[in-house]
Amino acid sequence: MDVPLKVLVENIMKGTVIDVFYLIREKEHIHKSEILQKFVEYDDDPACKTTKYRLPMDIAIAKLEGANLVSSYQDGRAERYVLTDYGRSAETLLSQLLDENPAVLHGSKIITKLGA
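In terms of our numbering, the sequence shown opens at residue 1 and continues consecutively.
Take these hints with a grain of salt, some might be off.
Only pairs whose alpha carbons sit at most 27 Å apart, straight line, appear in this in silico DSSO-like list of lysine-lysine [what the hints assert, rightly or not]:
{"id": "1", "residue 1": "K63", "residue 2": "K27"}
{"id": "2", "residue 1": "K14", "residue 2": "K109"}
{"id": "3", "residue 1": "K27", "residue 2": "K49"}
{"id": "4", "residue 1": "K63", "residue 2": "K109"}
{"id": "5", "residue 1": "K52", "residue 2": "K14"}
{"id": "6", "residue 1": "K52", "residue 2": "K109"}
{"id": "7", "residue 1": "K52", "residue 2": "K113"}
{"id": "8", "residue 1": "K49", "residue 2": "K6"}
{"id": "9", "residue 1": "K32", "residue 2": "K49"}
{"id": "10", "residue 1": "K27", "residue 2": "K109"}
{"id": "11", "residue 1": "K113", "residue 2": "K14"}
{"id": "12", "residue 1": "K52", "residue 2": "K32"}
{"id": "13", "residue 1": "K63", "residue 2": "K6"}
{"id": "14", "residue 1": "K14", "residue 2": "K32"}
{"id": "15", "residue 1": "K27", "residue 2": "K6"}
{"id": "16", "residue 1": "K113", "residue 2": "K49"}
{"id": "17", "residue 1": "K49", "residue 2": "K63"}
{"id": "18", "residue 1": "K14", "residue 2": "K49"}
{"id": "19", "residue 1": "K109", "residue 2": "K49"}
{"id": "20", "residue 1": "K109", "residue 2": "K32"}
{"id": "21", "residue 1": "K6", "residue 2": "K109"}
{"id": "22", "residue 1": "K27", "residue 2": "K14"}
{"id": "23", "residue 1": "K32", "residue 2": "K113"}
{"id": "24", "residue 1": "K52", "residue 2": "K6"}
{"id": "25", "residue 1": "K27", "residue 2": "K52"}
{"id": "26", "residue 1": "K63", "residue 2": "K52"}
{"id": "27", "residue 1": "K27", "residue 2": "K113"}
{"id": "28", "residue 1": "K63", "residue 2": "K14"}
{"id": "29", "residue 1": "K6", "residue 2": "K113"}
Think of the hints as simulated: they come from the structure by calculation, not from any bench.
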């Protein structure tokens, strides 16, 4: 059974998942460590460490990979992340979702601060 892309976007694009999707969209071929650094950069706590976001980021990436919106490849010892064609198609649907229901940003650490 095929799940429509709109249903996937509505079900998984919340909070940290939206932030990770946004970061991958903004910088194709991004490393996990760069994603973690962005979360720390936008955290209100100046003493924040990357370990605070490691698990939520891993869960967000797993959801995005499971929905086939992003894919990864090995680059030395690190993985890099890119949007798939399916992920690029989801961008428009995500914009519509944010217009219709801004509450999906609840839990977002980055997009809410950027006003994106």
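Index of numbered hints that the structure contradicts, given in increasing order:
8 and 24
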